[in-house]
Amino acid sequence: GENVEQHPSTLSVQEGDSAVIKCTYSDSASNYFPWYKQELGKRPQLIIDIRSNVGEKKDQRIAVTLNKTAKHFSLHITETQPEDSAVYFCAATVDDKIIFGKGTRLHILP
Amino acid sequence: KAGVTQTPRYLIKTRGQQVTLSCSPISGHRSVSWYQQTPGQGLQFLFEYFSETQRNKGNFPGRFSGRQFSNSRSEMNVSTLELGDSALYLCASSLALDSGALYEQYFGPGTRLTVT
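Those protein sequence lines, which keep their order, are chains A and B. The first sequence begins at 1 in my numbering and counts up one residue at a time. The second sequence begins at 1 in my numbering and counts up one residue at a time.
Simulated from the structure, these hints should not be mistaken for laboratory data. Here a beta-carbon is modelled for each residue, glycine too, at the ideal position from N, C-alpha and C. It cannot be assumed that every hint is accurate.
As the list claims (entries may be wrong) - Take a look, some chain A residues computed to stay more than 12 Å from chain B by CB distance:
hint : residue
1    : Q14
2    : S18
3    : T24
4    : K42
5    : P44
6    : G55
7    : I62
8    : H72
9    : E79
10   : T80
11   : S85
12   : D96
13   : K97
14   : L109
Said to hold, decoys possible - In the BS3-like style, the derived pairs of lysine-lysine whose C-alpha atoms are separated by at most 25 Å in a straight line are:
hint : chain 1 : residue 1 : chain 2 : residue 2
15   : A       : K102      : B       : K57
16   : A       : K102      : A       : K42
17   : A       : K58       : A       : K71
18   : B       : K57       : A       : K58
19   : A       : K102      : A       : K57
20   : A       : K102      : A       : K22
21   : B       : K57       : A       : K71
22   : A       : K22       : A       : K68
23   : A       : K57       : A       : K22
To be verified - Derived list of chain B stretches under chain A, where covered just means 3 residues or more per stretch with a C-beta under 8 Å from a C-beta of chain A:
hint : stretch
24   : 8 to 21
25   : 27 to 41
Okay, chain A solo, but in the shape it has when bound (with noise of 0.2 Å):
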């Protein structure tokens, strides 16, 4: 079926340390990742993506890993800042349309 897990749902972290959010996919046709970051009254904005043929994806303090075997990707979010604070949301591409997990809520305590 059409399934995409994320955890944690909510996430605090020292301003500074590293952040990680975990998400597992159902359907391994799957093979477009991305994560949609969304502040408090905001639309969400896509942060980066990877696609099913590459196995890692970095952008200054934000990368993201796939593991297609596994059915899982990640995202990493190194020297957090308190603008790091937000609801990420995963997503994979289930039958040429995108499912949404149910977001993580990342704090981060200063």
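With chain A held as given, fit chain B onto it using these hints.
Here is chain B on its own, set in the frame of chain A:
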């Protein structure tokens, strides 16, 4: 380039009424997807349109429908509104969204629908 726009931004309706929401994609984008966002349920896929054709539909009742016009603008309609339909309705546009040509999806600001 202008981003994805949605109208109206806020809407209050009563149970039993119907509502139509509008989405204008980024110029040149042909795929428009609609999502319902509620606390705790995240973003739930409603349907996706490409070149005026509905290509995919999520697990929502038939009260939820949509269409896309030749200029790629899309509307979604919800008939016989229920209290549980209160949510933020987001649309997202993309150049294309199929296994052969996956492009990034960009969201509009959403329409917040409150059903009383």
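Structure-based check of all given hints:
no.: 1; hint: Q14; in the structure: holds (26 Å)
no.: 2; hint: S18; in the structure: holds (24 Å)
no.: 3; hint: T24; in the structure: holds (15 Å)
no.: 4; hint: K42; in the structure: violated (8 Å)
no.: 5; hint: P44; in the structure: violated (5 Å)
no.: 6; hint: G55; in the structure: holds (17 Å)
no.: 7; hint: I62; in the structure: holds (15 Å)
no.: 8; hint: H72; in the structure: holds (18 Å)
no.: 9; hint: E79; in the structure: holds (25 Å)
no.: 10; hint: T80; in the structure: holds (22 Å)
no.: 11; hint: S85; in the structure: holds (17 Å)
no.: 12; hint: D96; in the structure: violated (5 Å)
no.: 13; hint: K97; in the structure: violated (4 Å)
no.: 14; hint: L109; in the structure: holds (23 Å)
no.: 15; hint: A:K102 with B:K57; in the structure: holds (19 Å)
no.: 16; hint: A:K102 with A:K42; in the structure: holds (17 Å)
no.: 17; hint: A:K58 with A:K71; in the structure: holds (19 Å)
no.: 18; hint: B:K57 with A:K58; in the structure: violated (33 Å)
no.: 19; hint: A:K102 with A:K57; in the structure: holds (23 Å)
no.: 20; hint: A:K102 with A:K22; in the structure: holds (12 Å)
no.: 21; hint: B:K57 with A:K71; in the structure: holds (24 Å)
no.: 22; hint: A:K22 with A:K68; in the structure: holds (13 Å)
no.: 23; hint: A:K57 with A:K22; in the structure: holds (15 Å)
no.: 24; hint: 8 to 21; in the structure: violated (count 0)
no.: 25; hint: 27 to 41; in the structure: holds (count 4)
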